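Asks: Each chain is listed here by its residues.
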Amino acid sequence: MSKPLIDAITDMREEDAVQLAQELLDQGTAPLDILEQCREAMAVVGQRFEAGDCFVPELILAGEILRQVSDIVKPKLTATATGKKVGRVVIGTVEGDIHDIGKDIVTFMLDVNGFEVRDLGVDVPASKFVEAVKQFQPQVVGLSGFLTLAYDPMKNTVQALKDAGLRGKVKIMIGGGQMDDQIRQYTGADAYGKDAMAAVALAKSWVK
Amino acid sequence: MTTDNWQKLTPSEKFEAHFKELISPQGVQFARPEVERAYQERVRMIKDVVQVKKPSRVPVCPTIGFYPFAYAGVTAQEAMYDTDKLGMALKKFHADFLPDSLSSAPIYGSGQIFEILDYKLYRWPGHGVPPTTPYQCVEAEYMHADEYDLFINDPSGYFARFYLPRVFGALGAWQMTAPLTDILELPFFGPYIVPIGIPPVQQAYQKLLEAGRAAMEWIQAAGAIDGWSLTTLGLPVLLGGFTKAPFDTLGDTLRGTRAIMLDKFRQPKKLLAAMDKLVPLAIDMGVRTAGLGHHPIVFIPLHKGADGFMSNEDFKTFYWPTLKAVVLGLINEGLVPYLFVEGGYNQRLDIITDPDIPTGTTIWIFDQTDMKEVKKRFAGWSCFGGNVPVSTLKAGTPEDVKTYVKRLIDDVAQDGGFILSTGAVLDDAQPENLHALIDFGKEYGVYR
Chain A
219 MSKPLIDAIT
229 DMREEDAVQL
239 AQELLDQGTA
249 PLDILEQCRE
259 AMAVVGQRFE
269 AGDCFVPELI
279 LAGEILRQVS
289 DIVKPKLTAT
299 ATGKKVGRVV
309 IGTVEGDIHD
319 IGKDIVTFML
329 DVNGFEVRDL
339 GVDVPASKFV
349 EAVKQFQPQV
359 VGLSGFLTLA
369 YDPMKNTVQA
379 LKDAGLRGKV
389 KIMIGGGQMD
399 DQIRQYTGAD
409 AYGKDAMAAV
419 ALAKSWVK
Chain B
-13 MTTDNWQKLT
-3 PSEKFEAHFK
7 ELISPQGVQF
17 ARPEVERAYQ
27 ERVRMIKDVV
37 QVKKPSRVPV
47 CPTIGFYPFA
57 YAGVTAQEAM
67 YDTDKLGMAL
77 KKFHADFLPD
87 SLSSAPIYGS
97 GQIFEILDYK
107 LYRWPGHGVP
117 PTTPYQCVEA
127 EYMHADEYDL
137 FINDPSGYFA
147 RFYLPRVFGA
157 LGAWQMTAPL
167 TDILELPFFG
177 PYIVPIGIPP
187 VQQAYQKLLE
197 AGRAAMEWIQ
207 AAGAIDGWSL
217 TTLGLPVLLG
227 GFTKAPFDTL
237 GDTLRGTRAI
247 MLDKFRQPKK
257 LLAAMDKLVP
267 LAIDMGVRTA
277 GLGHHPIVFI
287 PLHKGADGFM
297 SNEDFKTFYW
307 PTLKAVVLGL
317 INEGLVPYLF
327 VEGGYNQRLD
337 IITDPDIPTG
347 TTIWIFDQTD
357 MKEVKKRFAG
367 WSCFGGNVPV
377 STLKAGTPED
387 VKTYVKRLID
397 DVAQDGGFIL
407 STGAVLDDAQ
417 PENLHALIDF
427 GKEYGVYR
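Chains A and B are the protein sequences, given in the same order.
Each residue of the first sequence is one higher than the last, beginning at 219 in this note's numbering.
Each residue of the second sequence is one higher than the last, beginning at -13 in this note's numbering.
The following block holds chain A by itself, in its conformation from the complex (with noise of 0.2 Å):
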């Protein structure tokens, strides 16, 4: 069966994919299936995305037809189940680091992969951390920063998680620019991603 919505989206055209939603809602296609339909063709995205076929700005336009689609359709939305969440993700780019385009582009992806994600945002305090782990419960924490100016806050923020006896509950990952294996082990956390796919493929392993 050819999904015009799904090559609307993969191939980029953003009118074409806008206008499509809008087609197939008139004609009375459910909500929840065109919302499908996207979800589908971002895990296609998502895997060109990852063998290296497309790269940041497919990502960004992708997310951007998403947003415009989920505007039309949501209001028609009856059922308000939006399909079970497969794991919850607490994120944020740690203190003193402002830079959000790369947690962005992670809790995008690790949204449309079906993960419930808490985005704390930029420059967020250890503290802070520790607050949503409590209340919202993750399996998986993702520390963001930029530069060498992150270590520390990440390390410091692994650290409040340890002294909270929140340590053994939650995964950490961190990613950014200058991160890798060894900041990894110098922050005391789990895995290090070098890109959003990464980050999606190490939450759904902590989640299975």
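The set of hints was computed from the structure by calculation and includes no laboratory data.
As the structure is a prediction and not an experimental result, all values here were calculated from the model.
Among the hints, erroneous ones may be present.
Said to hold, decoys possible - Under the rule of at most 30 Å between Cα atoms (straight-line distance), these lysine-lysine pairs were calculated in the DSBU-like manner:
id, chain 1, residue 1, chain 2, residue 2
1, A, K373, B, K388
2, A, K412, B, K388
3, A, K303, A, K352
4, A, K412, B, K358
5, B, K361, A, K346
6, B, K362, A, K412
7, A, K373, B, K78
8, A, K352, A, K426
9, A, K303, A, K426
10, A, K412, B, K302
11, A, K412, B, K361
12, A, K373, B, K71
13, A, K412, B, K71
Given chain A, work out where chain B should sit, using these hints.
Replies: For chain B alone, coordinates are given in the frame of chain A:
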């Protein structure tokens, strides 16, 4: 820097003239003859590697950010507000570590000046980020999606009336002013000059004058700090001028990362036209800033063209042509583009090793790019370096650093044309690790 017959010189004659001036800087009194010799030796090493020759040894020029302040017990905030502390820290850092080039005091900026102008594009230590944290850019769409034509028609006018009023709170009233190109004839002067009298516009100019006065004090102090490292330690400045790749000018501080990535799909022709408009401006900026310091190396940080940020096809369409034009424009003036390649460039190496770029005219400093692959393509063509991970300098041991440096030099530095440097800007490190990089690099990097 220029002579009477400057325009008649070939690019390589201009290059030689620039380096002749750099190696014997006018009006500089070195503390001792051996300091002058050490300075000249360092400049000679740099010139040799640019020309893809073997220098006496590998020059060791790590890219230093705010590290000297943590090292000297000064906060980042103090460094940006107190030139005495800035100077103390930089002098101590340079004297204790003795790299082959100095970290220039003016790049840290003056917190007072940014406060006077209410600079919104950045947060700096004590002003939006913690006192110990370096300044960071606040990305936003300061140039709106529908403003490309305004920009393309008149970039300076666009900056004056749209962009600068948005990024400087104190210059907000400039949006009420008229373009300078309106000033044509006596009877039509009113529409330009009357807005200048409006109280908020008057206040904006007052603030700018105030910032200019503060800048005079600051640059005298900052210049003296670099002067001390030059005359007392024999350390040359590595980077004389600066400019940017047109795609990054738009993608970093005008449109922002997200927006420029969407523009690539939604309005590619306007994006390309805006970048074409930026090429001569970027060349002119590089030439002028290099001229101010009488120093031919022009820093060009590369941001939004890295692996993952776009496909190779898009790189060839959107990123490389205008960057290449800027690089060639600088080379034509005898200058040396210093391309600071952030992130990875593993997918781009065959594109950037462009046969139109003459041998021995550029410097490329890489971070997370496979240096053996770089060497394969760059050998005999261009100087390169970088790649020592800042993560190892922070979280490794001196032995880790030495092992990395040894392998790097063994792998890619044997034929010269190589600068030992960090992959990224260093804000945080263990001092013993940085000593290992510099001391071991100097010792192991001797060409025999």
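Asks: Which of the listed hints are not met by the structure?
Replies: Hints 5 and 13 are the ones this structure does not satisfy, whereas the remaining hints hold.
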